[in-house]
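**Q** Each chain, written out:
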Amino acid sequence: MLLSVENLATYFFLDEGVLRAVDGVSFAVNEGETVALVGESGCGKTIVALSLINLVSSPGRIVRGRVVFQDEDVTQATAERLRQIRGRGIGMIFQEPGAALNPVRTVGDQISEVLRAHQAPTRHEAWRTAIRLLGDVGIPDPERRANAYPFEFSGGMRQRAVIAIAMSVGPKLLIADEPTTALDVTVQAEILDLLRSLQEQHGMAILLITHDLGVVAEMARRVMVMYTGKIVEVAPADALFDAPCHPYTKGLLASIQHLGARNEPLEGIPGSVPDFLSLPSGCTFHPRCGIADSSCAAEFPVLQSVGSERTCACYKVRSA
Amino acid sequence: MAGSEPEGARPGRSPITIAWRRFRANRLAVAALYIIGLLYVLAILAPVIAPYDPSAIENVLTTRYQPPSWEHLFGTDDFGRDLFSRALYGARVSLSVGLLAMVVAVVFGTIYGAVAGYFGGIIDNLLMRLVDVIIAFPTFFLMLMLVGIFEANIVFLVLILGLTSWTSTARLVRGEILSLKEREFVEGSRAIGLPGHLIVLRHLIPNALASVLVTAALMVGGMIGAEAGLSFLGIGIRPPTPSWGNMVSAGQDALLVAWWIAFFPGCLLATTILCFNLLADGLRDALDPKTLTRKYV
Numbered sequence: 001m002l003l004s005v006e007n008l009a010t011y012f013f014l015d016e017g018v019l020r021a022v023d024g025v026s027f028a029v030n031e032g033e034t035v036a037l038v039g040e041s042g043c044g045k046t047i048v049a050l051s052l053i054n055l056v057s058s059p060g061r062i063v064r065g066r067v068v069f070q071d072e073d074v075t076q077a078t079a080e081r082l083r084q085i086r087g088r089g090i091g092m093i094f095q096e097p098g099a100a101l102n103p104v105r106t107v108g109d110q111i112s113e114v115l116r117a118h119q120a121p122t123r124h125e126a127w128r129t130a131i132r133l134l135g136d137v138g139i140p141d142p143e144r145r146a147n148a149y150p151f152e153f154s155g156g157m158r159q160r161a162v163i164a165i166a167m168s169v170g171p172k173l174l175i176a177d178e179p180t181t182a183l184d185v186t187v188q189a190e191i192l193d194l195l196r197s198l199q200e201q202h203g204m205a206i207l208l209i210t211h212d213l214g215v216v217a218e219m220a221r222r223v224m225v226m227y228t229g230k231i232v233e234v235a236p237a238d239a240l241f242d243a244p245c246h247p248y249t250k251g252l253l254a255s256i257q258h259l260g261a262r263n264e265p266l267e268g269i270p271g272s273v274p275d276f277l278s279l280p281s282g283c284t285f286h287p288r289c290g291i292a293d294s295s296c297a298a299e300f301p302v303l304q305s306v307g308s309e310r311t312c313a314c315y316k317v318r319s320a
Numbered sequence: 001m002a003g004s005e006p007e008g009a010r011p012g013r014s015p016i017t018i019a020w021r022r023f024r025a026n027r028l029a030v031a032a033l034y035i036i037g038l039l040y041v042l043a044i045l046a047p048v049i050a051p052y053d054p055s056a057i058e059n060v061l062t063t064r065y066q067p068p069s070w071e072h073l074f075g076t077d078d079f080g081r082d083l084f085s086r087a088l089y090g091a092r093v094s095l096s097v098g099l100l101a102m103v104v105a106v107v108f109g110t111i112y113g114a115v116a117g118y119f120g121g122i123i124d125n126l127l128m129r130l131v132d133v134i135i136a137f138p139t140f141f142l143m144l145m146l147v148g149i150f151e152a153n154i155v156f157l158v159l160i161l162g163l164t165s166w167t168s169t170a171r172l173v174r175g176e177i178l179s180l181k182e183r184e185f186v187e188g189s190r191a192i193g194l195p196g197h198l199i200v201l202r203h204l205i206p207n208a209l210a211s212v213l214v215t216a217a218l219m220v221g222g223m224i225g226a227e228a229g230l231s232f233l234g235i236g237i238r239p240p241t242p243s244w245g246n247m248v249s250a251g252q253d254a255l256l257v258a259w260w261i262a263f264f265p266g267c268l269l270a271t272t273i274l275c276f277n278l279l280a281d282g283l284r285d286a287l288d289p290k291t292l293t294r295k296y297v
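Order-wise, the sequence lines are chains A and B.
Going by the working numbering, the first sequence wraps up at 320, each residue one higher than the last.
Going by the working numbering, the second sequence wraps up at 297, each residue one higher than the last.
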């Protein structure tokens with residue numbers, strides 16, 4: 001097992017109270033597999049990602065749990081060890097490729113800098129490697145493009161450059177936080193293709209964080225659904241799309257617009273994501289849930305096995 | 001330049017190149033830059049250009065108080081010294097004190113502000129409260145006091161001026177760093193395992209440099225003025241070493257009989273400070289992308 005997250009909790013200590021952004025999340029990622037973490041905006045997905053490399057900054061803090069990456073607890077690592085894990089062990093790509101690059105330095109310079117921070121190549125070697133990496137991620141004419149500044153790149157090319165940086169020192173796990181959300185649909189497909197082919201070549205695992213179930217269907221073998229800082233359902237991708245278990249997952253799937261189904265009204269989920277500072281009692285989804293009854297407000301359901309490789313956190317579904 | 005090719009069409013056009021092209025479009029700022037450049041060249045070449053020894057006193061009674069002429073471009077003073085030569089040598093003092101004091105203030109202020117902004121929290125709080133205390137000190141009187149205690153020479157003046165005016169740069173840089181470090185590329189640099197000092201040096205400070213450059217240009221003018229003020233009061237550069245400030249001071253008694261003694265160094269001071277202000281204006285316009293649209297509206 002490459003990564004194992006055990007009962008992770010990351011809270012933000014605000015003036016208004018304690019915000020439980022990630023509250024008791026456990027999951028595992030195996031070598032070379034692609035796992036998706038899905039949920040609406042603001043459900044804690046990104047905080048999970050940042051917690052994995054211990055990059056949550058004040059007022060946020062990991063308060064509980066372990067993040068074991070290659071038999072080492074990231075939450076207990078020293079600053080220097082953490083710096084090595086970031087990049088060499090776990091790489092990360094971001095939603096806004098424009099914002100993820102330093103505007104005043106050339107793309108090639110930013111890649112060679114990372115190489116030099118982790119290995120000890122000469123300036124020239126690092127530059128050659130940077131050019132090769134830019135070529136690997138499909139940037140045409142990399143020799144010339146290495147000298148370009150981020151603003152001279154299109155959105156898709158910037159995301160390719162960001163991927164080149166993340167891949168530069170050969171991570172075992174690549175966290176892709178909404179990697180295609182800011183891109184055009186056609187470019188989205190190219191970037192997903194690129195991620196898949198890089199995975200075939202290098203064999204790294206990918207943790208794909210997204211709210212886009214279309215992306216999930218294309219990329220992931222296993223899916224975890226997150227709601228208000230907790231994982232509510234885990235299932236193989238096919239099984240999840242065929243027969244979602246949790247009412248929230250059902251709602252998510254029902255809100256997808258299908259091409260050619262123009263006259264069917266979208267169902268959506270009634271209500272909105274609750275305020276993290278005043279979460280409903282018990283199952284936090286119960287006020288928006290069609291099958292909830294009074295017992296749902298009592299306690300948050302634990303994840304229970306509901307089939308092979310499937311777990312679901314809903315008492316109503318299990319008893320049904 | 002306009003219409004040849006769109007900005008950013010060719011890789012390798014750095015933000016600096018673009019800023020320079022925009023700066024060049026501002027004629028006033030370019031003229032200011034040329035004048036400043038000329039003044040520095042003249043100051044550096046002073047020993048070569050100066051027609052007379054700036055402190056030579058000969059035949060005082062026949063050479064003193066001569067109005068400007070081809071022989072003495074700026075006239076002579078009460079000791080019969082050639083004021084053009086003195087102004088050239090005075091430029092060396094005034095211009096170098098201004099520039100070096102700015103460098104001291106900007107380097108120190110930038111490092112200080114960057115440390116406060118990057119670490120944040122209690123370190124930021126302590127460092128910035130210290131800045132508040134320093135700002136609350138009446139700088140001018142502090143300078144007067146220190147200059148009264150110690151012998152004023154150029155190095156001392158540079159340090160005094162530099163170390164009493166870094167606070168504005170520190171505040172500016174801290175603010176810039178505070179907002180920059182929330183930017184995604186900084187989080188990205190941390191996520192990819194770049195060490196902290198590289199993040200500060202390669203990612204934070206270069207992005208804050210544009211506004212530092214503008215204040216730096218403004219500051220040189222202020223520093224030259226401050227040096228002149230101290231020298232005018234007789235506690236900066238002391239005669240016979242010429243500085244524009246003590247030359248104006250020396251001329252004030254004879255203003256009615258020999259106006260040229262104070263007039264020329266005064267003009268040089270005003271021109272220099274004005275040029276640095278115009279330069280700063282031009283830099284700000286060139287470095288701030290928002291001004292681009294304003295020009296064409």
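Note that these hints are calculated values from the structure, not bench results.
Positions of the beta carbon are idealized from the N, C-alpha and C atoms, including for glycine.
Fair warning: there could be bad hints in the mix.
Here are a few chain B residues that sit away from chain A, every Cβ distance over 10 Å (derived from the structure) [as the list claims (entries may be wrong)]:
1. 71
2. 73
3. 150
4. 185
5. 189
6. 193
7. 209
8. 222
Now the stretches of chain A that chain B is said to cover, found in silico as 3 or more residues with beta-carbon under 8 Å [as the list claims (entries may be wrong)]:
9. 51-60
10. 96-109
Across the chosen pairs, the derived CB separations fall in these ranges [as the list claims (entries may be wrong)]:
11. A:28 / B:16: 47 to 55 Å
12. B:267 / A:121: 54 to 62 Å
13. B:140 / A:64: 51 to 59 Å
14. B:121 / A:121: 33 to 41 Å
15. B:139 / A:121: 44 to 52 Å
16. A:1 / B:119: 34 to 42 Å
17. B:133 / A:66: 16 to 24 Å
18. B:107 / A:155: 33 to 41 Å
19. A:30 / B:111: 45 to 53 Å
20. B:111 / A:121: 25 to 33 Å
21. A:277 / B:14: 22 to 30 Å
22. A:32 / B:196: 27 to 35 Å
**Q** Hints first: check each against the structure and report whether it holds.
**A** Okay, the hints, checked on the actual structure:
Residue 71 of chain B, annotated as away from the interface, keeps every beta carbon of chain A farther than 10 Å; the closest lies near 53 Å. Annotated as non-interface, residue 73 of chain B keeps its C-beta farther than 10 Å from every C-beta of chain A; the closest such distance is 46 Å. Non-interface status of residue 150 of chain B relative to chain A is upheld: no Cβ of that chain comes within 10 Å, the nearest being about 41 Å off. Not every beta carbon of chain A lies more than 10 Å from that of residue 185 of chain B, the smallest distance being close to 5 Å; the non-interface claim is violated.
At roughly 8 Å, the least C-beta separation between residue 189 of chain B and chain A is not larger than 10 Å, which violates its mark as non-interface. Taking the minimum C-beta to C-beta distance to chain A, about 3 Å, the non-interface status of residue 193 of chain B is violated against the 10 Å cut. Not every C-beta of chain A lies more than 10 Å from that of residue 209 of chain B, the closest at about 8 Å, which undercuts listing it as non-interface. Every CB of chain A lies more than 10 Å from the CB of residue 222 of chain B, the least distance being 27 Å, so the non-interface label holds.
Evaluation of the coverage hint for the stretch 51-60 of chain A: fulfilled, as 3 residues show C-beta separations to chain B shorter than 8 Å, against a requirement of three. Remark: the stretch 96-109 of chain A is confirmed as covered by chain B, as 9 of its residues place a Cβ nearer than 8 Å to a Cβ of that chain, reaching the required three. For residue 28 of chain A paired with residue 16 of chain B, a C-beta distance near 48 Å keeps the hint of 47 to 55 Å intact. Separated by about 57 Å at the C-beta atoms, residue 267 of chain B and residue 121 of chain A satisfy the suggested range of 54 to 62 Å.
The hinted range of 51 to 59 Å is satisfied by residue 140 of chain B and residue 64 of chain A, whose Cβ atoms lie roughly 57 Å apart. A hinted range of 33 to 41 Å holds for the C-beta pair residue 121 of chain B and residue 121 of chain A, which are about 35 Å apart. Under the hint 44 to 52 Å, the C-beta atoms of residue 139 of chain B and residue 121 of chain A, about 49 Å apart, fit the expected range. Checking the proposed 34 to 42 Å range against residue 1 of chain A and residue 119 of chain B shows it holds: the Cβ atoms sit about 37 Å from each other.
The given range of 16 to 24 Å is broken by residue 133 of chain B and residue 66 of chain A, whose C-beta atoms sit roughly 45 Å from each other. Between residue 107 of chain B and residue 155 of chain A the CB atoms are about 38 Å apart, so this pair conforms to the stated range of 33 to 41 Å. Checked against the hint of 45 to 53 Å, the C-beta distance between residue 30 of chain A and residue 111 of chain B comes to roughly 47 Å, which is consistent with it. Evaluation of the 25 to 33 Å hint for residue 111 of chain B and residue 121 of chain A yields a pass: the beta carbon distance comes to about 29 Å.
The hinted window of 22 to 30 Å between residue 277 of chain A and residue 14 of chain B is violated, with their beta carbons roughly 46 Å apart. Separation of residue 32 of chain A from residue 196 of chain B is about 32 Å and conforms to the stated range, judged on CB atoms against 27 to 35 Å.
Taken one by one, the earlier hints fail for this structure at numbers 4, 5, 6, 7, 17, 21, listed in ascending order.
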